[in-house]
Amino acid sequence: MAPNMTTSAACAGDTGAALPPPRDLSDIFVPAMRIHKKSAFKSVMGDPTSTMINMAGGVPHPNTFPILQLQAKVVSPTSRQDKALSPSTANLVLDKSQKNRSTESLDELLQYGAGSGVDSYCDFLKRYTQIVHNPRYADWGVIASCGNTDAIGKAVSLFCEAGDSLLVEKWTFPGALSSLVAAKVQPLAVEMDGEGMDPESLDNICSRWAGPKPLRAMYLVPTGQNPTGATMSLERRQKIYAVACKHNLAIIEDDPYYFLQFAPFSASRSLENAVGAAGLLDVDSGEQQQVDPLVPSLLSLDTEGRVIRLDSFSKILAPNLRCGWITAPSYILDKLQILNESTILQPSGLAQGLISKLLNDTWGLEGWNQHLRNLRATYTFRRNVFVRMVDLHVAGLVDYVLPSAGMFLWMKINLGPDAAEAMPRLLETMKKCGVMMAPGAPFYSSGSSGSNSSSSDCYLRAAFALVDVAMFEPALKRLAQAIVAIRETADYPSAVQNTHTCNVPNAMQKGLLSPAPGKMTISS
Amino acid sequence: MPSKPHSKDLSDLFSEVTKLRKNSPLKSLQKYMDADPTIVSLGAGLPHPDTFPFVSIGSTVAEAGVSVTDSSVAAKAISVSSKQPTAKIEGLERFLQYGNGRGVPSYTRFVQEHTERVHSPLYEDWDVVVSAGNTDAFTKAIALFYQSGDTLIVDEWTYPAAIETVRPMGIRLEPVKMDSEGMVPSELDHLCTTWDRPETAPRLVYMVPTAQNPTGATMSLARRHDIYSVAQKHNLVIIEDDPYYYLQLGSYKPLAEANDPEDRYKNLPGITSLTPSLLSIDIDGRVIRLDSFSKILAPGLRCGWITAPKYITDKIQFHNETSIQQPAGFSQAIVSKLMNEAWGHVGWEKHLVQTQRQYAERRDMFVDICQSYLKGKVEFTIPTAGMFLWLRVLLNETASKRKGVMGEIFESMLNNHVLLVPGYMFSPLGQTEEVLDKPYMRAAFSYAAESSFEVAISRLAQALEPFTCRNI
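Just so you know, the protein sequences line up as chains A and B, in that order.
The opening position of the first sequence corresponds to residue 1 in our numbering, with each subsequent residue numbered one higher.
The opening position of the second sequence corresponds to residue 1001 in our numbering, with each subsequent residue numbered one higher.
One or more of the hints may lead you astray.
[Said to hold, decoys possible] Here are the simulated lysine to any residue pairs, SDA-like style, with alpha carbons at most 20 angstroms apart:
#, chain 1, residue 1, chain 2, residue 2
1, B, K1022, A, P187
2, B, K1233, B, K1076
3, A, K184, B, G1170
4, B, K1027, A, K73
5, A, K73, B, I1078
6, B, K1076, B, T1060
7, A, K412, A, A441
Just so you know, the hints here were simulated from the structure itself, not pulled from any lab data.
Construct the entire structure; sequences and hints are all you get.
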């Protein structure tokens, strides 16, 4: 099975003019990847003609598969205007041996396949990527991944080997950091502000780099960043891209929260208001309705073929589908396919088949877009309530970044001169008050143990996607109590009961809590 | 019942990276939540299950042990629904949410129970962890112990994906001679005993002891004991890659001798008469066993499991958490529902017998045809398991002196419209001149229609004709 790549003519943008080929980045591949060859073994399989009897493939016959049919019942995405009607569902079915109208037969989905993924799955995602991002160079494609954690490791391994350094945001996804440790690749932290990675810092680091081997790649989460919740504006993305071109860097764009971009913040609690304001991507036959469009991706700015974009269904369908897709120049996808073939082979055929059927047929593009609109409205609402509660209860105690996408709110707390000492006490006090958040340390790219010991600031990441909205207020009240307890009482253990009704020290009553939101910069 | 011993501690053989692998700090926040459910945790970056649009998934599956080729297949419907757990199976939302790298509990519980039933490990602290199939499992096992510059001991003919995985990792492959049962213990012993640089001494040996890919060889129990003794002597860890374990087929009988299928196949080994695995004789805890559902349910599920001492499976769990996370929740859900409820252990065993039957039928037919059409042209050991026949071409005098003759043979096969795999594809030494002319090829009898066997082999006979008939 050939990888899923259509010709440049087929994917030329709206102008119809031929797009330029990507810049050849193989000079920045690691040496092992330059010689990485397509499986000689798989090339034996070739493309058997109907007269060829294939005694070569060590594959089982579908007569041995006891799964005769696969079904799923899914929610039918409706707009909120239809909310009066009870939510309806739809059934999708995959039959064993017949092609399933836009999706392969179950026998094919259950069989060994190529490392590029199921054809109908990849075809949809290629068309969708074309619509959303409209890449500006020729010879790009998509392949299947089993989620962004795996995709990160593979993408990084193209450009970094043991002893190399990878440019990363100063605070970033711990899964990526663990992956780097395992690969013996050093993270090189770039400063951030409320929009994410700072292009000046990136430029300076690259210009001054004097390490034994050149810097070849950068990794970032430009939308709803984990952990800071920051989202880069278009202008910021353009600047970052320009720096990458200047220093000949590949860009690994990890974007699982891309479709969870919110409407502008509103203090209103009502879901309907959130929906009304959330104009959102309204895609029909390739036209973007510019009510509240999605911020363009780095891929969509990529004229040279530097971006390896990692998309995932984890936050937009479900995490444990273990399905996503990677968009990149075709010659890079070839390498990634080889990596797939010597590790996972490809994601689960069941999962790909069900997703393919859902997107190609049961929901189609319209249903998919409606589903994404609904998700965006849900997340906008949650963000609205959460931020309102932050403003009501902890605003004077923390600085925070107002998230415009994703599921995270990042708070900076001043705990006095010795943050390293105070932070564990804060976490312990919070637990006793009955609230938990993620401490900043695991997200920190620079420290060996992750401790930011030179700073007086401590950081907490709050996730507002999972917990019941009704618990936001109690949670933030408890956080306030814990912070105040740490700050105000020298003998804090006695001030805090393990009953979730912390003593309220006098400081709270002095009105230290002000409702004005703090706009913060994230720097040490 | 006397308690079982603890495994030997082999953690000093871990690679540096493995020593560093630990529990994700964010996943370890979970323990605070479980301890006190009144704590509101905003720590985990999980999406809410109400955003998962899947209400249920289901499948129509064949009744255990029923052949899918029958015109009407007895079948049953199974389903896993959101927020509707059963006594044994979680709700669908649990299969679809982030978890840890060990696997969804009902799935891992089944494979653990099954491993106990079949292999009954001899040491007490064994455990299981999920994999996305044996290729994934192999990379995890290698990564436990190895980094660039290390040497992996392998069979002289071995699984190509394994070769292709380790090469870019900078790992050297050291082949050991095989005979009709697989790796030869004295050769393994000799290699390790005469290794001249102790600091680079290999610590890991990889083998496929049942229906080996590509030779189809299956190790007898005695051979497994001998290999294990050598591993103990040199303190080697054994990667037991065993995807064909359950495809043990009993002995071949020519069709002419016993024509009644019920008679021919009444002695299939099932679960109770399988040759014991290396895991089942592993008193030290030095076997890392890789199991896969690929050949016994379907390859597209992309799921399997790894069995090893718990301090090792823990490391694999952490590695999963920075790579694949787990196999797809849908796959685990279908497998779990099938195994835990629809079929149970008894039904699962019936299915395995049925699968053995299908492969035995194919094996018998294929061997019959090969023996009749290829007499004097090839020799081979009749496989007692799996799906492969490893043919050694009996080159005539002139052909055997010609460089590049195997390339000519392969081309002749293509011209005759029959496809087998040249032996050199399976060589850990790569395609050196010497390897290119080794007169071997691998046939798989698993996939082509049985009705096409005779045509295929007669074409092969024709293709081999100029290279094998004796010059008179």
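query = What hints, given by number in increasing order, does this structure fail?
reply = The structure conflicts with hints 2 and 4, although it agrees with all the remaining ones.
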